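Peer 1: Once you've looked at the hints, dock chain A against the given chain F.
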Amino acid sequence: MTELDLDALIDDAGTRIIVTCGAGGVGKTTTAAALGLRAAERGRKVVVLTIDPARRLAQSLGLTELDNTPRAVAGVKAANGGRLDAMMLDMKRTFDDVVLQHATPDKAEQILANPFYQALSSSFAGTQEYMAMEKLGQLHKQAEQNGDWDLIIVDTPPSRSALDFLDAPERLASLLEGRFLRLLLAPARGPFKLMSAGVSMAMSVLNKVLGAQVLTDVQTFVAAFDTLFGGFRQRAEQTVALLREPHTSFLVVAAPQNDALREASYFAERLRAEGMPLAGVVLNRVTNSQATELSAERSLAAAEKLEEADKSPLTAAVLRLHADKMQQVVGDHRRADRFRRGHRAIRTVEVPALADDVHDLTGLRQIGDLLTA
Amino acid sequence: MARLHVVTGKGGTGKTTVAAAMALSLADEGQRVLLCEVEGRQGLAQLFDVPPLPYVERRIAQGPGGGEVFALAVDAEAALLEYLDMYYHLGRAGKALEKVGAIDFVTTIAPGLRDVLLTGKVYEATRRKAHGRLAYDAVVLDAPPTGRIGRFLNVNHEVAGLAKVGPIRNQADAIMGMLRSDVTRVHLVTLLEEMPVQETLDAVEQLEKIDLRIGSIVVNMVRNSPLDDDALALAVKEKLPTAELTRGLKAAGITIGADLVETLATEAHDHAIRVGLERENRDRIDALGKKVVELELQPEGIDHGTLFDLAEELRHE
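Line by line, the protein sequences are chains F and A.
Residues in the first sequence are numbered from 1 upward in steps of one, following full-length UniProt numbering.
Residues in the second sequence are numbered from 1 upward in steps of one, following full-length UniProt numbering.
One chain only, chain F, in its complex shape (with noise of 0.2 Å):
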């Protein structure tokens, strides 16, 4: 059971990228915002790419607009050529960029016209991780290119398992370079013979059933994709190689309730299993009480004796508000020591809850305060 400590691993010019993860809800993006304010204020020539801020989050970074390019931070007071930059992403104009950039100008115009490529591109569930996933690759790049960035911190997308980030790249690719894909682009490519009579068949059934338009289109966008397909496989991989190099951090956020811990235990799991760097979990939002020598029964006792003695309605409220804080903080306790126990090998820095929500650099600076405490 050792202290996560999270000033030395931003104050660590190896630390390129610290990507932060974590079950919906727990604080991952405040979290990846408030240290990267705080590496900048520390001399890192930072960018946080974050996905789906909260409105006052987003504009205390000044993410006021989703252009889907890194912009400066203002407010920050960074010290020894320190920068800050934010940004949002932009899920189908990220996609749409990878299509411009690999496809020649009429073939993309093809794809991008395609109502399986929007679709594809707008709502298929994994594209968000997909492309953030390519966003954080592109970033990468260009810091390596220019220098315009030492360390890059990325949120992962909000979605009910951690895991589904690691897990959608290959997803998409593997989808698009499945057998069925293989068997629509024989027709174009060589013999009908390839595909066999029960194939066929049901093709001409699909064919009834979604309107004859369909499978052309599905054909078409495929036939269009194609030379995309090499491309997006080898992107997915390298980006996942990134990810295994050791100046990749990985930083889970977890809040002291079962499912977010349970998240938390799969997670570093996933990630012992897939030989990616878990710099350790964050606790967050513990909550805690100056008074915990005031425990909940007797606090409650105590505001019982009041009301049935008729004095000091105030006190007695006040002593009964404790007592419901004292449950929570015996609760969440328990629960952040019995993650603890059960994960001897992780590094933990608890957070304790604030009573505001974060929406501006002051409060940023002070969640970062609480975790290098």
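Hints were generated in silico from the structure; no laboratory data involved.
These numbers come from a predicted model, not from an experiment.
Careful, some of the hints might be misleading.
Derived DEER-like restraints, expressed as beta-carbon distance ranges [what the hints assert, rightly or not]: (1) A/Pro51 - F/Glu144: 46 to 52 Å; (2) A/Asp286 - F/Arg338: 37 to 43 Å; (3) F/Arg56 - A/Asp286: 18 to 24 Å; (4) F/Arg341 - A/Asp309: 29 to 35 Å; (5) F/Lys208 - A/Asp28: 40 to 46 Å; (6) A/Pro52 - F/Gly14: 42 to 48 Å; (7) F/Asp259 - A/Gln206: 26 to 32 Å; (8) F/Asp369 - A/Val236: 23 to 29 Å; (9) A/Glu208 - F/Arg341: 47 to 53 Å; (10) A/Arg213 - F/Arg338: 42 to 48 Å; (11) A/Glu280 - F/Gly342: 35 to 41 Å.
Note that the Cβ used here is the ideal one computed from N, Cα and C, for glycine as well.
Peer 2: Below, chain A without anything else, positioned relative to chain F:
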């Protein structure tokens, strides 16, 4: 009267729990209610603590009112095969399609088609007749989260670009007809926090734009404050009367440390700030002018018992 209840909400707001509690609350004596999930997450099986649900409607619980609740995990691929078999008597060809990955491909690459298949099954169950009466008195759908709900329910539009004619198109039109009719209500689950409330407001606007009817806004995990409004107002301004608190603690027999009063006042201050934020968020919900239902926080988490408590709360609404 509304019989199809679609439940959505931001991830983490307890949408599945509320959908299940709603199904239980609708199951009055002699009634049959179907509870459907469509995201392949087996959330209902976890909630009811039963083995993973197959693509078969099976009885899962008895409602507090005495009626029966059935559950179904709708699977797009199974629904497509079922559909093909029903209308085209596929047999061997269906197997061939599955084998080459066509079913997987079609349902994955075109989410619009996938959603027609998923909503299509719910549509079929809602209309189904058995023994001269409706097979289910009500159907509750644990739908995708608010971020996706507009697309998911706008089946017609999503499929329009893909299939301009043909049976799928006709099916989409029929489903849309039911979703827009008086039979269907969409309920949104939220917490009194910034992101879920914002998503709720966005989703309501989006859903009404496509002529869907909003049922209720379910404010989940509500915590009632022990402090009254006067005390909250003082606490926000850090002006709680410390002299009274000191006397009160003494009267209650609590004599811990000198700074206890200060600590308790700080806790009350933090709490009052949070209550203030919650009220701002509640005002934003109320401004929608929709029916609002509150469900209390279950501090020990959700199990079978608390699910029934929530169902009882909903029954009294």
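Peer 1: Next step is simple, just say for each hint if it's right about the structure.
Peer 2: Cross-check of the supplied hints:
1. Distance hint check for A/Pro51 and F/Glu144: the Cβ-Cβ separation is about 50 Å, which falls inside the suggested range of 46 to 52 Å.
2. Range check, A/Asp286 to F/Arg338: Cβ separation about 40 Å, and the 37 to 43 Å hint holds.
3. The beta-carbon spacing between F/Arg56 and A/Asp286, approximately 21 Å, falls within the hinted interval of 18 to 24 Å.
4. Under the hint 29 to 35 Å, the C-beta atoms of F/Arg341 and A/Asp309, about 32 Å apart, fit the expected range.
5. Taking 40 to 46 Å as the suggested C-beta distance range, the pair F/Lys208 and A/Asp28 conforms, at roughly 43 Å.
6. In this structure, A/Pro52 and F/Gly14 meet the distance hint of 42 to 48 Å, their C-beta atoms being roughly 45 Å apart.
7. About 28 Å separates the C-beta atoms of F/Asp259 and A/Gln206, a value consistent with the hinted range of 26 to 32 Å.
8. At about 24 Å, the CB distance of F/Asp369 to A/Val236 agrees with the hint of 23 to 29 Å.
9. Between A/Glu208 and F/Arg341 the beta carbon distance is about 50 Å. The supplied range of 47 to 53 Å therefore holds.
10. The hinted range of 42 to 48 Å is satisfied by A/Arg213 and F/Arg338, whose Cβ atoms lie roughly 45 Å apart.
11. Remark: the range hint 35 to 41 Å for A/Glu280 to F/Gly342 is upheld by a beta-carbon distance near 39 Å.
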